[in-house]
Amino acid sequence: MNHLDEEQLTLAYYSEVDAECMRHLEECSECRLRHERIKTALDNFPDFPVLERNDAYGREVWNRLLPKLAAKPRRSWLNWWTMTPVLASLIAVAFFAGMLAQRNRQIPGISAETRERVLLMAMSDHLERSEILLVELAHAVPDENELKMERALARSLVTENRLLRETARSAGDESRAALLDDLERVLVAVANGPASEDAADLDALKARIQSNDLLFKVRVMSANALQEGRKL
Amino acid sequence: MEWTDSAAAEQARQGDQRAFGVLVERHSRSVFRLAFRMTQNEQDAEDLVQETFLKAYKQLHRFDGRSAFGTWLYRIAANCSLDLIRARKNRRERQTTLTSETTDWLDRVAAPDPSPERLARSGQVASLLKPALAQLTELERTAFVLRHYEGRGIEEIAGVLGVQTNAAKHSVFRAVQKLRRALEPVAEVAP
Chain A
1 MNHLDEEQLT
11 LAYYSEVDAE
21 CMRHLEECSE
31 CRLRHERIKT
41 ALDNFPDFPV
51 LERNDAYGRE
61 VWNRLLPKLA
71 AKPRRSWLNW
81 WTMTPVLASL
91 IAVAFFAGML
101 AQRNRQIPGI
111 SAETRERVLL
121 MAMSDHLERS
131 EILLVELAHA
141 VPDENELKME
151 RALARSLVTE
161 NRLLRETARS
171 AGDESRAALL
181 DDLERVLVAV
191 ANGPASEDAA
201 DLDALKARIQ
211 SNDLLFKVRV
221 MSANALQEGR
231 KL
Chain B
233 MEWTDSAAAE
243 QARQGDQRAF
253 GVLVERHSRS
263 VFRLAFRMTQ
273 NEQDAEDLVQ
283 ETFLKAYKQL
293 HRFDGRSAFG
303 TWLYRIAANC
313 SLDLIRARKN
323 RRERQTTLTS
333 ETTDWLDRVA
343 APDPSPERLA
353 RSGQVASLLK
363 PALAQLTELE
373 RTAFVLRHYE
383 GRGIEEIAGV
393 LGVQTNAAKH
403 SVFRAVQKLR
413 RALEPVAEVA
423 P
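Listed in order, the protein sequences are those of chains A and B. Reminder that position 186 of the first sequence reads as 186 in our numbering, one-by-one numbering, no gaps. Converting from the second sequence to our numbering requires adding 232 to each position, the first position being numbered 1.
Extracted from the complex, chain A is given alone in its bound form (with noise of 0.2 Å):
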């Protein structure tokens, strides 16, 4: 076997390597000294700050929540925080994706420049909100009349992502275009399902978001668009 690389001898001092890994440690001098580094290092990792709270904590905070459990909560994430920004977005990027394809066409005061940071911001922003419906999405347990904020946010996210994705298209960026095209599969398939979602259709949908690492994908895309943005 080879020798054991950073990762596999970090993750071994959690033992989240496998049984081969753990054997080639012991047996492998080389290893095993660069494991000792690693341990040392996190053996003497500064501890977290944490306020620790008293025994009376757990009364106070029951106290405090008690005359909130009569009304139940409603899903924080369909705020108008979260639905205001679909608007904007769908604003922003409707107006410099119809830029973007009529290169020839300008508008005064308004530089390539600030049309590419807009536009780089609108995608990290829907990628973001992509982001959390995809995570609720694999989080989703089969229940009647739970999918519904889900549906309403991907339907407003379908339209966004098309114009994202024709936009990236026409650029030429074919990564982005290409991760769009997927995402937008996904979309398309959580807006137009049917009211509910019986276990199995619900779990094809996770194995959809589970393939090609699309979440992970999409956050990656997402903080890269936003560093590009805020370089520009």
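These are calculated hints, taken from the structure and not from any lab test. Heads up, a few of these hints could be off.
[Claimed, not checked] Here are a few chain A residues that face chain B, going by a calculated C-beta distance under 7 Å:
#  : residue
1  : 7
2  : 10
3  : 11
4  : 14
5  : 16
6  : 48
7  : 51
8  : 53
9  : 57
10 : 58
11 : 65
12 : 69
13 : 135
14 : 216
C-beta: ideal position from N, C-alpha, C; glycine also.
Using the hints provided, position chain B relative to the given structure of chain A.
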């Protein structure tokens, strides 16, 4: 007679608020600890404790007893914390996540009984810890906090993050790499 968690959860599911109160009183401190570790902000942690229990109450019908109630609640708390961190990501730079108040507090906690040498070292750690934490993405920070400080398994972390186990492992590794690099001058010295 004292209720077990699962008995209290069952009672609460049938509408007994007192039973839910038992669970709240029993688990509030650990939920707060996790929320504080995730957000590094006392007020955010307090809000997350409330949000976690409200969400748990609303979703009690989903708790099937296959895992311990504490584990189930813990997942909700971790998810709520992660959602909060994400929601704030676009609103402020990560560097400002640790407020100056928290930073001062970090300095104090790092050296509870300071000898001059320890004071110097803990001051160094605290001063390095702030930018080190700021370098982590929310995924990396969550994965690292859950694995290193909370001792949760990779499978569970992957479930909380909504990613596959390899991605969760990689997030832990990346976090360790970044933190080691930042803290190496002081953290790898034997205490």
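Structure-based check of each hint:
Proximity of residue 7 of chain A to chain B holds as hinted, the smallest CB-CB distance being about 4 Å (cut-off 7 Å). Interface restraint check: residue 10 of chain A against chain B, minimum CB-CB distance 5 Å, threshold 7 Å, status holds. With its C-beta approaching chain B no nearer than about 6 Å, residue 11 of chain A sits inside the 7 Å limit, and its interface hint holds. For residue 14 of chain A, the shortest C-beta to C-beta distance to chain B is roughly 6 Å, which falls under 7 Å, so the interface hint holds.
Against a cut-off of 7 Å between C-beta atoms, the interface hint on residue 16 of chain A holds, since the closest Cβ of chain B lies about 5 Å away. Of the supplied interface hints, the one on residue 48 of chain A holds, with its beta-carbon coming within about 5 Å of a beta-carbon of chain B, less than 7 Å. Given hint, residue 51 of chain A at the interface with chain B, holds; its Cβ is 6 Å from that chain's nearest Cβ, closer than 7 Å. Because the closest C-beta pair between residue 53 of chain A and chain B is about 5 Å apart, less than 7 Å, the hint holds.
With 7 Å as the threshold, the beta carbon of residue 57 of chain A comes within range of chain B, its nearest partner Cβ sitting at about 5 Å, so the hint holds. For residue 58 of chain A, the interface hint holds, since its Cβ comes within 7 Å of a Cβ in chain B; the closest pair sits about 3 Å apart. Because the closest C-beta pair between residue 65 of chain A and chain B is about 6 Å apart, less than 7 Å, the hint holds. For residue 69 of chain A, the suggested interface contact is upheld, since its CB lies about 6 Å from the closest CB of chain B, less than 7 Å.
Because the closest C-beta pair between residue 135 of chain A and chain B is about 4 Å apart, less than 7 Å, the hint holds. At its closest, the beta carbon of residue 216 of chain A sits 5 Å from a beta carbon of chain B; the interface hint therefore holds under the 7 Å criterion.
Going through the hint list in order, the structure satisfies each hint without exception.
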